[in-house]
Amino acid sequence: MKAALFVPVRYTGPAPAPGWPTSTSQYSTELGERSMNAALNQFKLADEVGFDWVTVAEHHYSPFSLTPNPMVLAGALTQTIKRAKIALLGATIPILNPIRVAEEFAMLDTMTGGRIVAGMLRGSPNEYATYNINPAESRERFEEALHLIRMCWTETEPFGWRGRYYEYRTVSIWPKPVQKPYPQIFMSGSSPESGEFAAKNRIGLGLAFTNVPLAKKSVEVYREHAERAGWTPTDKDIIYRVLFHVGETDDQAIEDYSAAAKVAPRGSLTMANKSLESAVDSAGYYGRDRDAQRERLMPTDLKQSIDLGRVLLGSPDTVVKQIEHIHRELGAGILDLTISNDLGDKTLRSIELVGSKVLPRIKGIGNA
Amino acid sequence: MSAAKVAVLGKSKAADLLAKEFSAVGLDAGSAAAPIGVVATGADAATALAHVVAKPETVNALVLIAPSAPDKALADKLSGVTIPVLALFGTRDANAQANGATWRKALPNCNVTFVYDAGADLANERPEAVAAALADFMRQRERYVVTDRSAKLYP
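Chains as they are written, first to last, in my numbering: chain A, 163 to 530; chain B, 13 to 167.
Excised from the complex, chain A in its bound form:
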């Protein structure tokens, strides 16, 4: 198995009562800067201790994440991450200009000599309010934008595009991706619709904001549709994102993690705004498997989170066992290990422990 370090770049200072969007009345520029620098250090350490990937993502209007444009952060990482791949998981393509996304990915792939992983997501439902995009059109926009981005990467002569949502009279992007024909693409495939689309289009499956039992169903849908489309996904095609904190002992890890969760409300996304959530639900955002799709966004307490495989928590030994369980259940080859709350030196130690005591023991699992 391979492991990525995902730092959402949470704002490390006090924030107003949870809600989305979140007021910036108490925002401190100094803490914003400090949060960003802490993340850069965590990424750098992950690269040094042997993580295979580092991951950045896109979220807006909340202390939950300070990376509304993950491309900017990835640009900085191209200069400090010497070995690991840089994964964007991802760009929320239905709310962006797809040509711009294609250009930015190509720039990053050039700046890293071909070490970019191109995640393209519909994003969490709240993001549709960010740039005033109708969530009812999310899936159609996603599919069109993805097709257009791939054409930007592969077409070598200027071309025009007449889509349903996008129109460009002439396109010819420079630079082109280093990886040919283009970087590996992942999309979020928690819903059956997305899993089916990913399988039909031979796109990697990313599972986030979910849990092992729900993810298992998603993987089954993906595998089934891939077989129908004439191919068999391997471990390399499946990413499972999970929160983590590793300590010297189980007790220490749990104590530190719980203490941080108590003092640091970081805000949340869709579920923090009931009217927004209700509106995106009415717009059909969740698709035909609505109940499970809503359920996976609901908060769970720590014990439930551990049992459901939403968080890896404990000593290296315990975490290795949890990872083995995830691999048995899902066949996922890439773990996107997510820092929930920044615990300063304890988080750095957690990253080191993964590097020295977890990664060597999971390397041989599966074929990723």
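None of these hints come from the bench; they were simulated from the model.
Incorrect hints may appear among the rest.
Here's a subset of chain B near chain A, in silico, CB distances under 10 Å, partners left out [said to hold, decoys possible]:
#, residue
1, THR103
2, GLY112
3, ALA144
Ideal Cβ placement from N, Cα and C applies to all residues, glycine included.
Place chain B on chain A using the hints.
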């Protein structure tokens, strides 16, 4: 400078929409003094191109919709066709990008546009998108790369 008169070879839903904006004429209606626009689909592309090769001064804009590949006799004559051409291909046609490349090579002034989520019958599958591409090209010709449609939301 708009091409008010357009000859459309073949029927399609896109051609019907185009008829609302331009007056439909026969292929021979153009002259050096008043050249016309021409739209041709599939195999009709060969007819339209043969006409342009014979009477280049009578046509000032040509749109080819999913044109069939030119035969050798015709292809040899196309390097002299200098009028602006727009070739449209549907993205569900697996050969769209390859066909686009073939036509760019054959015609010195060929612009390629892909119509998303349509196959070779794009003029009936996505008539609004095809008609808009046709209208823009007939109205603006090579200047179509700069849109003249307003995106202002509220005055």
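Hint check results:
For the restraint placing THR103(B) at the interface with chain A, the shortest Cβ-Cβ distance is roughly 6 Å, inside the 10 Å limit, so the hint holds. The interface hint given for GLY112(B) is met, as the beta carbon of that residue sits about 7 Å from the closest beta carbon of chain A, less than 10 Å. Because the smallest distance between the Cβ of ALA144(B) and any Cβ of chain A comes to about 7 Å, under 10 Å, the interface hint for this residue holds.
The structure is consistent with each of the numbered hints, conforming to all of them.
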